Amino acid sequence: MEILLFGITKNIVGASTFTVPASKKSELGIADVASLKGYLKETFPGLCNISSLAVAVNNQYASDHTSINETDEIALIPPVSGG
Amino acid sequence: MERIIQISESIDCTTIYEELSHPDSGGICVFIGTVRQQTNNEEVTSLFFESYESMAISEIEKIIDEATQKWALNKVIVKHAVGSKKPTEPVVVVGASSAHRDACFEACRYLIDTLKQKVPIWKKEFFKNKSVWVSAHP
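First to last, the sequence lines map onto chains A and B. In case it helps, the working numbering puts the first sequence at residues 16 to 98. In case it helps, the working numbering puts the second sequence at residues 1138 to 1275.
Just chain B, with the same shape it has in the complex:
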């Protein structure tokens, strides 16, 4: 099983198909998370992402290990952006390819949901007059 893990300033969405295509795969499923320009009816000017990179990579490795134990996957990619991102820009990409579609659909959902729960990456939302670290306070 081949995997690509990347934490970087920018995400290139044009390479995803090549990165996930595999002769034994009959399907590729991809989730791309992007910057939404509104949160709770307030206009978001940008998002800022910070990561604890060494631990983030180690946690992503674990999530991919778990996914490959649950589903028969041929390739997996997990990419996350850091730094400042404007509305519509991609900030996270997870994808999987497998012989049949069920496995890659389910794996993709698992990859993004678990990433959001466990991977040490933090998001700060910038509005016109304030900025907040997301989920920091109850």
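This is chain A alone, in the form it adopts within the complex:
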């Protein structure tokens, strides 16, 4: 499962995408936004220090309960600052 990264999250992870290994996904039961965020924050502790961290699933802001599938386009959305 590939995660798109933007802004500060790109710096924290050190790349513009991050792939969640399939083994981790099944081992940890990553099936919704909350479990994905938990896994990413544990893997990249710097994500815990930013003001907010939203997740977009298929170009829409997603809630913690939103389920995620292999075919979804998933992105981390740090605090936006356009304008």
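Worth flagging that the hints you see were computed from the coordinates, not collected in a lab. Nothing here was measured: the structure is a model prediction, and the numbers come from that model. Be aware that a few hints might be false.
[To be verified] Pairs of lysine-lysine, PhoX-like flavour, derived with a Cα cap of 25 angstroms:
| hint | chain 1 | residue 1 | chain 2 | residue 2 |
| --- | --- | --- | --- | --- |
| 1 | A | LYS52 | B | LYS1267 |
| 2 | A | LYS25 | B | LYS1212 |
| 3 | B | LYS1255 | A | LYS25 |
| 4 | B | LYS1223 | B | LYS1207 |
| 5 | A | LYS56 | B | LYS1212 |
| 6 | A | LYS52 | B | LYS1223 |
| 7 | B | LYS1255 | A | LYS52 |
| 8 | B | LYS1207 | A | LYS25 |
| 9 | A | LYS56 | B | LYS1261 |
| 10 | B | LYS1267 | A | LYS25 |
Place chain B on chain A using the hints.
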């Protein structure tokens, strides 16, 4: 209701009047956001903007839908720049035209305020000796 949405390297401010003028409109209101050369008394050398373009466009579409439900608008434009921008350069343009001025004034304010809250675009400020992603840390 006609709309123009654009996320691009540069913004052409000379076309705004044509883009917003409409025979049923008695007024056009436009907000242009530009690069300010100082933040908290520090000199800004440039700003860098990055967008999640597909989602940004979808969020802008929603904001325009909301604005057109609230006010009777004839045309709306929302444009945002990406890449590196120097002081005084335009980085965002929102505009609306309507039969009477109240609608386009209020819509314009709504468009820029909501864009800043919801649209996935990020700004990095460059100073002489450092750079920071705006609003990233508490």
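So, going through the hints one by one against the coordinates:
1. The suggested pairing of LYS52/A with LYS1267/B is violated, with an alpha-carbon distance near 29 angstroms, which exceeds 25 angstroms.
2. Between LYS25/A and LYS1212/B the CA atoms are separated by roughly 36 angstroms; this puts the pair beyond 25 angstroms, and the hint is violated.
3. For the hint linking LYS1255/B to LYS25/A, the alpha-carbon distance of about 19 angstroms falls within 25 angstroms, and the restraint holds.
4. For a cut-off of 25 angstroms, the pair hint linking LYS1223/B to LYS1207/B is broken: about 35 angstroms separates their Cα positions.
5. For the given pair, LYS56/A sits about 43 angstroms from LYS1212/B by alpha-carbon distance, which is inconsistent with the 25 angstroms threshold.
6. Between the alpha carbons of LYS52/A and LYS1223/B the distance comes to roughly 35 angstroms, so the proposed pair goes past 25 angstroms and is violated.
7. For a cut-off of 25 angstroms, the pair hint linking LYS1255/B to LYS52/A stands: about 20 angstroms separates their Cα positions.
8. With a CA separation close to 37 angstroms, the supplied pair LYS1207/B and LYS25/A exceeds the 25 angstroms bound.
9. For the proposed pair LYS56/A and LYS1261/B, the alpha carbon gap of about 23 angstroms is at most 25 angstroms, so the pair holds.
10. Between LYS1267/B and LYS25/A, the direct Cα distance comes to roughly 17 angstroms. Compliance with the 25 angstroms bound is thereby established for this hinted pair.
Checked against the numbered hints above, the structure violates hints 1, 2, 4, 5, 6 and 8; every other hint is satisfied.
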